[in-house]
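Enquirer: Protein chains in written order, with UniProt numbering: chain A, 1 to 350; chain B, 1 to 373.
Just so you know, these hints were derived from the structure itself, not from any lab.
A few of these clues could be false.
Stated by the list, open to error - In silico DSS-like pairs for lysine-lysine, Cα to Cα no more than 30 Å straight-line:
hint	chain 1	residue 1	chain 2	residue 2
1	A	K124	A	K135
2	B	K343	A	K242
3	A	K112	A	K267
4	A	K179	A	K158
5	B	K164	A	K215
6	A	K267	A	K158
7	A	K135	A	K78
8	A	K203	B	K343
9	A	K54	A	K203
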Amino acid sequence: MTQQSRDMSRRRLLFGTAALGAGALLAGCTSNEAEPTAAQTKAAETGGNAEPGKRVTIGFSAPAADHGWIAAITNNAKAQAGAYSDVEFKTVEAGADAAAQRAALSTLLSQKPDVIVLLPHDGKELNAFGLEAMKAGIPVVNLDRAFPDARAYRTQIKGDNYGMGVAAATYIIAQLQAKGVSNPIIGEIPGIDSLELTQERSKGFADTLAASGFKVANRRPAEFTADSGQQAATGLLQALPKIDAIWNHDDDQGIGVLAAVNQSGRKEFFMVGGAGSKKAMEDIQADNTVLKATVTYSPSMASSAISLARLIGQGKGMSDLVELQVPKEIVLASETITKENAGDYLKLGF
Amino acid sequence: MSDATGTTTPERPTDLPAQSPPVSKAGTEAAAHRETPRSGLSFWKGDSGEGARRNLGLIAVLVVLVIIGIATRPDLYGDSNWVWNNFLTILKLASVVGVVTVGMTFVIIGGGIDLSVGAIVALSGVWATTLATQSFGAGGMIFTALVVGLGVGLVNGLLISYGKLVPFIATLAMLVAARGLAAEISQKQTQVSNNSTINGIASTNVLGIPLLVYILAAVVIAGWVLLNRTTFGRRTVAVGGNPEAARLAGINVKRHTVMLYALSGVCCGIAAIMLTSQATSAQAAMANLYELDAIAAAIIGGTLLSGGRGTIVGSLLGVIIFSTITNLFAINGLTTEAQNMVKGGIIVAAVLVQQVQFRSVTGFLKRNKATTA
């Protein structure tokens, strides 16, 4: 452990207890690396929008959860803000639930930052805060969990959950058709089933499969953790004596899914992951497990959110676009990582 | 052994050797029991005729579940290899929660409750895997998990016995704090275990049976012997049944309570290694809601939530029923929501049956006494 990370630990200890409980709400996945890689942020280049401009104070809030994807979100945001000399970064921990986050955000609001970037526990629950901040003249950048009310945000940037399902299904269909499998048995291991994002992912998967005449034979939800993934996969493998393909929504629970597959000695199928953790990419690259691909849902969106917030604060647009202002909404594409391109994406793994 | 806090009511100055309590003490200790001590009953019956009947009922439930499985998936049950494999899978699924439940059964029989077991499993697992990254090896990881489990259990016990906290509150606080500490230690990341010995535990078979099942069997047998064949077990029942009577009988109730929570903690440490091996990693959010699974299994197994009564075999059957239901729902592709509703229904039904049985048994005894007197 380096001195720096020990200092970080000490600070985190204070928030340790508050971190509890929020984990169940979260999407994403983790690996052993806590700090963002350089590739997950964008270095301030010379010229264009990156030139230091008007000083902007950005307030930031994301749930403090025991889940690596959220940890990566916060780390990326901090690192990206640090890359700009004209950005002052004020962060508040969001606590364990929507009420706690609302309380934290109201203290942030009273400090009157130029822009607020937040990843809400639930966009529906914090919609009212977005409206309040916008009414007070502070633009809000919503990160990943959309506000239902368009007046509650200046810009939102999010991952494409439906698109993840589409990308996973597209890869699976292509592989199966190349093998000439006509009536495949496809398994699915989603994350927490009651979350909207999980339902969107599953819908994208099912819709795309249906368009090719395929369907999911069995789906066993897990809880975004490795041990729940192991148990869900054990059930799935027991239910389907022969499988052609599995989509596991989350690379973090995928550690457990792969463990269950190895423990069962089954390898007649291939698996697609989700989110794009470093470990999953390494496994894909090594090509010695059933994991052959993963579809991205990258926490690098936090870095982009900070960049957008800075531009909004300075009244600039995105220099590659014709528009003079930052767009209202950006949805990331879910990209498919296979053995062929894993080398390129490895730097984005978290 | 003297009372550390020096509370107002002095306890017996010395706790006499476990193996040969003097006659007078043994007499009062037995009097503190709610039920007569067992004698020469077979292993699975546990410690009373009532427990035996209940266990028969649980086995009947298991048989029904298997019949439903055969009826709904005759294609799978037609393959004898699959059936054997599935049997082992159910036992493997039961193994981790089973070990936790043995500890929980002791705590509940002793009149307490331990809500922190899932968090202890997570903390032990995370601590052990964090050590692994510093290459302490498999022995170091196992040692760490057991020591952390024991340590947290001791803290629980001391808070409850000497801090006079209600067990519900003390272990609830520990649930929150231990998960927080686990998140802190793991830096909110999944700690992947690179130790092939640890990872290999879950995939090792001995004589065709998974090692995890042997571990479960060893813990269950040890628990059964401890509860039914030792002074410690008799005292546990006495403390849970009537702590005041137990204290008057010369049992150091406080110290005994500490040991019960420590025992539960050690079970969690064992479970943490098993779970880490299964998932080849540990995470602060692992073993989510295991406390509820363990409590539910113990209750279904006939352990009285108010303490003083329960059997290890009943708890084991409770855990196996739950993992059989999970398996049944998985092979039929049914949702986990439906599965949870069924689990809830079974818990309610089991407690209802328990109350009816208990009332009728005590009623019968009273009437019997009245007529014979």
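Enquirer: Run every hint past the structure and note whether it holds.
Expert: Evaluation of the provided hints:
Taking the CA atoms of A/K124 and A/K135, the gap is about 18 Å. The hint holds against a cut of 30 Å. Distance check on the hinted pair: B/K343 and A/K242 sit about 29 Å apart at the alpha-carbon level, within 30 Å; holds. Distance hint between A/K112 and A/K267 is unfulfilled; the C-alpha atoms sit about 57 Å from each other, more than 30 Å. Proposed proximity of A/K179 and A/K158 is contradicted: the alpha carbons are some 35 Å apart, above 30 Å.
With a CA separation close to 58 Å, the supplied pair B/K164 and A/K215 exceeds the 30 Å bound. As the CA atoms of A/K267 and A/K158 are separated by approximately 35 Å, the hinted pair breaks the 30 Å bound. A distance of roughly 26 Å separates the Cα atoms of A/K135 and A/K78; the hinted pair therefore holds under the 30 Å criterion. Between A/K203 and B/K343 the CA atoms are separated by roughly 28 Å; this keeps the pair inside 30 Å, and the hint holds.
A C-alpha spacing of about 44 Å is found between A/K54 and A/K203, which places the hinted pair above 30 Å, so the restraint is violated.
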